[in-house]
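A.B. asks: Sequence:
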Amino acid sequence: GGGALQFGRPALLRGSRSWLRDHAGLSARLGSDYLINMGAFTVATSVLAALLGFAATGGLRFAQTILGPIQVLFGATTAFLVPLLARRLASGGPASLRRLSALTSLACFGISAAVVAVLLLIPTWLGRELLGASWDEARQVMVAVGWSQCVNAIVIGASLPLKAMGRADLLLRITAVQAPLILALGVGGGVWLGIEGAAWGMAAAQTAGCATGMTLAWRAMTRRPAAQAGDRGEPQ
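Position one of the sequence shown corresponds to residue 64 (my numbering), numbered consecutively onward.
Be careful, since some hints might not be right.
Listed next, with one range per pair, are the computed distances between beta-carbon atoms [unchecked claim]:
| no. | residue 1 | residue 2 | range |
| --- | --- | --- | --- |
| 1 | Ala113 | Asp199 | 14 to 24 Å |
| 2 | Gly155 | Phe117 | 44 to 54 Å |
| 3 | Arg282 | Thr187 | 43 to 53 Å |
| 4 | Val181 | Arg286 | 34 to 44 Å |
| 5 | Ala176 | Ala113 | 28 to 38 Å |
| 6 | Val254 | Ser154 | 43 to 53 Å |
| 7 | Trp255 | Glu192 | 26 to 36 Å |
| 8 | Gly195 | Arg286 | 47 to 57 Å |
| 9 | Leu189 | Gly116 | 20 to 30 Å |
| 10 | Pro186 | Ala153 | 49 to 59 Å |
| 11 | Arg282 | Arg150 | 16 to 26 Å |
| 12 | Gly156 | Arg191 | 46 to 56 Å |
| 13 | Arg282 | Pro146 | 18 to 28 Å |
It should be emphasised that the hints constitute simulated quantities derived from the structure, not laboratory data.
No residue lacks a Cβ here, since even glycine has one placed at the ideal position from N, Cα and C.
Input sequences plus hints: build the corresponding full structure.
C.D. replies: Below is the structure:
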């Protein structure tokens with residue numbers, strides 16, 4: 064709107080095409096990262112449904128759905144903070160991102176932990192009144208799913224600076240660790256211990272992904288821009 068009025072629609076369209084062309088590689092890597100992660104969860108859940116039945120797997124999905132609104136909040140947080148971190152990166156370099164990233168992880172973890180704690184403290188009778196018969200199955204895996212939610216909250220502080228720096232290659236490296244573990248530990252845990260084992264297997268996989276993400280993000284934020292350009296294959 065404002066850009067079109069100021070610069071003219073043709074200029075705006077030319078700029079849009081140029082931006083899309085320049086960022087095509089980054090967009091492809093970010094899209095691949097999302098698809099691989101979601102694909103791993105979908106395949107694991109489908110296999111668990113075949114092995115354990117839809118009732119047990121439904122409890123896992125229901126527990127994840129209860130915590131779903133937090134993901135909406137975190138999505139909005141990401142949309143707001145990535146441009147802010149990008150501006151800070153341009154003015155202060157990668158090291159300037161560390162404080163805000165750490166505070167974001169801490170805040171998101173606090174929100175997740177508080178919500179999970181409230182859900183765990185709800186009496187069984189109240190849970191059934193609010194959510195029906197599905198509460199029993201969801202409560203069975205709530206600790207493991209809650210742990211996964213808290214771990215995902217922490218890793219937001221790693222994904223934000225990596226996105227601001229355009230380091231989709233490192234995000235894919237995190238996914239390369241996490242996605243196979245979700246399949247192996249989720250399905251393996253389900254075969255061994257039922258739906259609780261599956262939930263804890265997925266939680267362990269996401270914990271490994273979180274540890275990998277925090278390590279890679281911290282290293283990226285402590286390296287000089289020239290070294291990072293070399294990592295991406297850009298001219299220094």
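A.B. asks: Which numbered conditions among the earlier hints are violated in the structure presented, ordered from lowest to highest?
C.D. replies: Result: no hint breaks.
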